[in-house]
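Novice: These protein sequences, in sequence, are chains A and B. Here the first sequence is numbered in the numbering used here, starting from 1 and rising by one per residue. Here the second sequence is numbered in the numbering used here, starting from 1001 and rising by one per residue.
You may find that some hints are simply not true.
Claimed, not checked - Capping the alpha-carbon separation at 25 angstroms, the derived lysine-lysine pairs in PhoX-like fashion look like this: (1) A:K216 <-> B:K1212; (2) B:K1028 <-> B:K1196; (3) A:K110 <-> A:K7; (4) A:K216 <-> B:K1028; (5) B:K1212 <-> B:K1196; (6) B:K1054 <-> A:K110; (7) A:K110 <-> B:K1196; (8) B:K1212 <-> B:K1054; (9) B:K1047 <-> B:K1028.
Hints listed in this document are in silico derivations from the structure and should not be mistaken for laboratory results.
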Amino acid sequence: MNRPAFKLTLLIVLLVVALVVVPFALRSSPYLVSVLINATVLSVIASGVWITFAIGRINISQGAFAMIGGYVTAILSTRYGVSFWVCLPLSGLVAAVAGVLVGLPILRLKGVYFSMISLSLTEAVRLAFLNGGEFTRGASGIVNVPRPGALQLSGMTLIPAFDGSSPFPYYYLAMGLLILTLLALWRIANSRLGWTFRSMRLNEELAASVGVNVAKYRVIAFGICCFIGGIGGAFFVGFHQNIYPASYTINDSMSFMLYCFLGGLDYIAGPVIGAFLLSISFEGLQPLQQYQPLIYALLMIGFMLWLPNGILSLSSWGSSAGGSGPTPEGDKTDAPLASVESR
Amino acid sequence: MPLLSVANLTKRYGGLVANNDISFELEKGEILSVIGPNGAGKSTLFKLIAGFVKPTAGRVEFQGEDVTGLPAHVIAERGIVRTFQETTIFKEMSALQNVVVAHHLRCHATTLGIFFNSRRAREDELRFRESAADILQFLGLGAVMHEQAGSLPHGHLRALGIAMGMAASPTVLRLDEPFAGMNPEETDAAVEMVRKIVQRGMTVVLVEHDMKAVMRISDRIVVISFGAKIAEGTPAEIQSNPTVIEAYLGSEDDELGI
């Protein structure tokens, strides 16, 4: 079977499994479904980080934007009674605007400097919500956020209200978000936009010389990343009905980045594979929870040493020559970890 | 009116004067070379013109408009495009893709249009592929256009860098040491290539160390030493200019001093 046909078949099989087989098989185990929902939306949020990897920035701030999105939904729906279906895109937008404003200055930094700033951004946002007074209700967070209501359009009910008796409405919503996100990523990766991003990652100065407005595209990429993060954060608020400043910490931001690494930066499915593998395996290894950072660190070192292109790079072994290891890019590369690409 | 005019351009880094009061003009259709010993300030001069560094004082005018200190991508948009030495290409893309990406300035589609694959975006893509293939053929890279750029030999990489510059269809194309490290036959071929580019209607500015090639190809030469312009003229004038000879003979001492 040739490759495109194989890919299409695989895609259809995956869709059927995700939308039909899994819900049927797990119809009486809501706990497992909620684990899957968790992994699905974590991979949505991590997909945003994948886009910042595409422009050559190692972004450890995604938790901050998920948190911003979460609080937007929590505050709007508890205090102003705004429908979840309005809050969801709005959370993405607010996170994107915040991302653009913060991104304008900090995206001028490269390599480890950007990573450090983005890392502290997660902490800064957490502290801001912790000290937000009555508006954010500090450490006690915002609880009793209403579940998503019905989505009606001119009298027709498109989506019935989520009553909480079954996790499946959330499951399908999560899958819908994931599919939309992957479609967006696929379009970006395969359009001129993706090549522009890649050219910036490979050499920003050269990209500027051929006329690319590097500053503009950096901010676009970061804005998309934050939008996706905000949407993910909003979903989790609808799912858990609460949000606290402790909901997203530096650990979460690191995990989002790690998912991308683990799955493979060259593949749009990379963050999904990474998120599912890590989050589900840790769900199964509850006793090891306290060692999670340690295990993550070891995993990360191991991957950089032996599988720098991620798990998905195993699929191209033997079929393509390029990208079999970390390419020494010399001193020009500001983000050496993100410079590995094969096609 | 000159195509490009540089007037009293100065760049100081603290106490260090990298460029001191440099002025020269570029006429349409000529080949102008800028030469000078290592560390003379040639790179800084062109960074100033291309907008990567803002000058301390002085003016750059292009086609009668002031372009001093504009951002790099805007200068490229106006029509002054630089090519790089072979180390600066997108190594992990194919030769063709390198040139397709370099067509950025001729993009008609909006960012959203590109995302949703509008008709315009598809037309752009087709146009760019054709034009890129055309440029690569023109520069003799037709046979290797689908190879990964990082695996091409030096001569090809040099040509690829030039192809990327041409993709932006610039008015002024600045070539950065196009003959460096070439043997005489390769240099001959490269000189021919540069002449062909000029026939295509571009004006060429060269920065080069290979004196033989410079003397053969240039209409005029500007000589820079210690950040200042010390001479300007035809190749014959430059060859017999005592200041230039001294600057070059003296350069050995400079190298010892480094």
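Novice: Under the constraints set out in the numbered hints, which ones does this structure not fulfil?
Specialist: 1, 3, 4, 7 and 8
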